[in-house]
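*Asks:* Spelled out from the first residue to the last, the chains are:
2 protein chains.
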Amino acid sequence: MARAPDPAFLASRAQLEALDRADELRRFRDQFELPAGVIYLDGNSLGALCRRARERVRETVEREWGEGLIRSWNGADWISMPQRAGDLIARLIGAGAGEVVAADSTTVNLYKALGTALRANPSRRIVLTERSNFPTDLYVASGLAKHDGSAHEVICVEPGEGAIERVLAQRGHEVAVVTLTHVHYTTARIHDMRGITAAAHAAGALVVWDLSHSTGIMPLEVESCGVDFSVGCGYKHLNGGPGAPAFIHVARRFHHLVQPITGWMGDARPFEFLPEHVPAMGISRFLSGTPSVVGLAALEASVEVILEAPMAAIRRKSMALGEAFVALVERHCAGLGLELASPRDASLRGSHLSWRHPDSLAVMQALIARGVIGDCRPPDLLRFGFAPLYLRHVDIADAVMHLADVLRTREWDREEYRARPRVT
Amino acid sequence: MARAPDPAFLASRAQLEALDRADELRRFRDQFELPAGVIYLDGNSLGALCRRARERVRETVEREWGEGLIRSWNGADWISMPQRAGDLIARLIGAGAGEVVAADSTTVNLYKALGTALRANPSRRIVLTERSNFPTDLYVASGLAKHDGSAHEVICVEPGEGAIERVLAQRGHEVAVVTLTHVHYTTARIHDMRGITAAAHAAGALVVWDLSHSTGIMPLEVESCGVDFSVGCGYKHLNGGPGAPAFIHVARRFHHLVQPITGWMGDARPFEFLPEHVPAMGISRFLSGTPSVVGLAALEASVEVILEAPMAAIRRKSMALGEAFVALVERHCAGLGLELASPRDASLRGSHLSWRHPDSLAVMQALIARGVIGDCRPPDLLRFGFAPLYLRHVDIADAVMHLADVLRTREWDREEYRARPRVT
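Listed in order, the protein sequences are those of chains F and P.
Using our numbering, you'd call the opening residue of the first sequence number 11 and step up by one each time.
Using our numbering, you'd call the opening residue of the second sequence number 11 and step up by one each time.
Don't take each hint at face value.
Which chain F residues face chain P? A few, computed with CB under 7 Å, are given here [unchecked claim]:
hint, residue
1, 47
2, 50
3, 116
4, 145
5, 251
From chain F, some residues computed to sit far from chain P (all C-beta separations above 10 Å) [said to hold, decoys possible]:
hint, residue
6, 18
7, 21
8, 28
9, 64
10, 93
11, 144
12, 201
13, 256
14, 263
15, 319
16, 321
17, 428
FRET-style restraints, in silico, Cβ to Cβ [unchecked claim]:
hint, chain 1, residue 1, chain 2, residue 2, range
18, P, 45, F, 27, 49 to 55 Å
19, P, 45, F, 323, 40 to 46 Å
20, P, 425, F, 236, 20 to 26 Å
FYI, nobody ran anything at the bench for these hints, they're computed from the structure.
Each residue gets a CB set at the ideal place from its N, CA and C atoms; glycine is no exception.
My request is simple: use the sequences and hints to build the entire structure.
*Replies:* Structure (structure tokens):
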């Protein structure tokens, strides 16, 4: 990272530095803890630590737990954290207050959402999704189909423009639920949430959207799109920390339904300890067990920071960073074996980019050794994410400079970069 | 708390101070952060913060997340935490290495365990439990029975000596699963794990034990008792912090079964992102989504501390503390309206005690105002727990002195103690 800028990048760097000086979000970078010598392009996988989250965790562990002990359930209002964090997230996804709670993992929340949606549409047997959907979404759907004894069938379409709509046109009368990830985890391609939701509803199906790669990074309007259920991840663009609680959103018209994992935190009167379950009114019935208080503390703090930035500005900068990355790769990495796997049009993609390269794992490990951190996705993708709150435009120039250098010199072609890490 | 000891307690205090001087566990108290002026008798609800957990959380958040970022999944081996913490907990419950993982909540783990057990015994329709079981256990059982389309029936017996065995003798051939909490959350009564497990097996039923109130506080032998599945809480006697990850134990003979909430963390090759789920070999298939890394860090550290103490010594001191509490209440609170709701014989109970009092909520709030922290359970119970690693014998004398004083002076009979807190 300490090396001098490549002369070929000087003009681009100067332009990007000018963008940084005019950046309406520049004040946010100081709120994050970023290690020296690192350009972090993996906030779409694990968001960086903001200072407020760090302080909130210390406060929660050392004062609320350490000193307050059990009293903090009331005294620090731990008991309201899932709803409080949920209401913050509701503002990011365009849901109403009281329609979101934060707790559990995305997987568990998807199980609850999909399980509830299937019960809400009991005469139909098909769960419709994409074969390239994030694996946990497919595993939850197929697990539920096997488990609930109702002979559900999971139909996975090959991804492609209008593929979901075509199945809906043919077999829509059999489809109980359409479940998709809004921004694809490899290509970053954005699904048409409004159009697909409308097509599903027209066929009498419900929708469950996974917003893991879109929440906190682009404007979302689940209520205006008529979305029935959605879930999303707390540790990607929400910066809630490793294994942060996820969220579940349920449109108010489904708040009378009972989700499958009924537990005491979803009960109307958990501290009366009654043997018969009476689900809480509203979104709280979608809770199950005791949520991670420490995890919620970090998540709540980090979402507060995001809400201080205008979402339109976040999206603008996210697109500008991605555009700069693509333009520089096109200019400086031509002929070096990269092939763009994401939509070329920034308006069609979320906040990351993927490129095919036959030696993607080794290339990424060489980049990480230089302090440029992205990740890999099978079979051959290099993935780079753009977090507008803590990335500078000039970081993009430096990252692509390293990428070009690693490719041109075949620096990646070393034994040490060939070993496959457990987590890629 | 600053008041001088009641003369009536001086002889008892001196005896208890002598026990503290000879306490084989006395060195552990210094490892915990305990607020001044507090006698903490609620470690059975939320265990206290040990210094190692505090430091481990700081390290995980500030160094591993803040500096290591995504690299810490490999570099800090976050990916192995559920199995690593699980192996530590396995030593506490007498399970084999590779039979326990820590993740999710007790409720979610119970759902997985019970859902798997029901699939393993598909020709039977009854889930047998106690009506006074912890509510979340009942809610999970009834939720599963409604959900899985197999017409399961949950039979809740009234608690009582031999009650479960009697139903097994009569209708055992219909019982799929017996699920009970080993140490009762109000009375602390210990179920005969070995006898009930044997009776269930003799009838062809499986068992799912909830060890929430027994793990970390008494010797447990799930493997030797032939237990099929068990779950337990991370934030009670394990001191893992508010909303800590819970655990699930599955006997190795059931590791070929598939649990209902199939997710990517339970897949054999999660980082190959394949559309078809192939469950991981062994206990890892009982994971679902991404676990709370920060929560696991605290839990792992706090369980390490427990494992440094001989479990026989923990149980001995736990019983001695309880015995001292009962003896002092019998001597100093006679005629003040308390009625013991726990077994009088220490060998029949876990590490807490409950007393009936018609104004239990107000009495407990008056005690808490004096710094003696226990809790309440409906309808009229005062509950006091004993954590041998950080409580002194002399604390028991001081706690009962306050209790006697609050009752004798009717200090609890004030407006300010009448309001019902949200969390009791």
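*Asks:* Run the C-beta distances from residue 28 of chain F to all of chain P and say if the shortest one exceeds 10 Å.
*Replies:* The claim holds: residue 28 of chain F sits with its nearest Cβ about 28 Å from chain P, beyond 10 Å.
*Asks:* Are residue 47 of chain F and chain P close enough, Cβ to Cβ, to be under 7 Å, as the hint says?
*Replies:* Status violated, d = 10 Å.
*Asks:* Is the Cβ of residue 256 of chain F more than 10 Å away from each Cβ in chain P?
*Replies:* About 7 Å separates residue 256 of chain F from the closest Cβ of chain P, which leaves it inside 10 Å; violated.
*Asks:* Should the interface hint for residue 50 of chain F be scored as holding, given a Cβ-Cβ cut-off of 7 Å against chain P?
*Replies:* 6 Å, holds
*Asks:* Since residue 144 of chain F was said not to touch the interface, does its Cβ keep a gap of more than 10 Å from each Cβ of chain P?
*Replies:* 8 Å, violated
*Asks:* Using Cβ atoms and 10 Å as the threshold, tell me whether residue 93 of chain F really stays out of contact range of chain P.
*Replies:* Given a closest Cβ separation of 12 Å, the condition holds.
*Asks:* Please verify that hint: residue 145 of chain F, Cβ, nearest Cβ of chain P, below 7 Å or not.
*Replies:* This hint holds: residue 145 of chain F lies near chain P, its Cβ roughly 5 Å from the closest one there, short of 7 Å.
*Asks:* Examine each Cβ of chain P, and state whether all of them lie more than 10 Å from the Cβ of residue 321 of chain F.
*Replies:* Answer for residue 321 of chain F: holds, closest chain P Cβ roughly 24 Å.
*Asks:* Holds or violated: the hint that residue 251 of chain F contacts chain P, with Cβ atoms closer than 7 Å.
*Replies:* Where the cut-off is 7 Å and the nearest Cβ of chain P is about 6 Å from residue 251 of chain F, the hint holds.
*Asks:* Is residue 64 of chain F truly not at the interface, in the sense that its beta carbon sits beyond 10 Å from all beta carbons of chain P?
*Replies:* 6 Å, violated
*Asks:* In terms of Cβ atoms, is chain P entirely out of 10 Å range of residue 201 of chain F?
*Replies:* Holds, because the least Cβ-Cβ distance between residue 201 of chain F and chain P comes to about 17 Å, which exceeds 10 Å.
*Asks:* Per the hint of 20 to 26 Å, is the separation of the Cβ atoms of residue 425 of chain P and residue 236 of chain F within bounds?
*Replies:* 50 Å, violated
Of the numbered hints stated above, those contradicted by the structure are hints 1, 9, 11, 13, 20, listed in ascending order.
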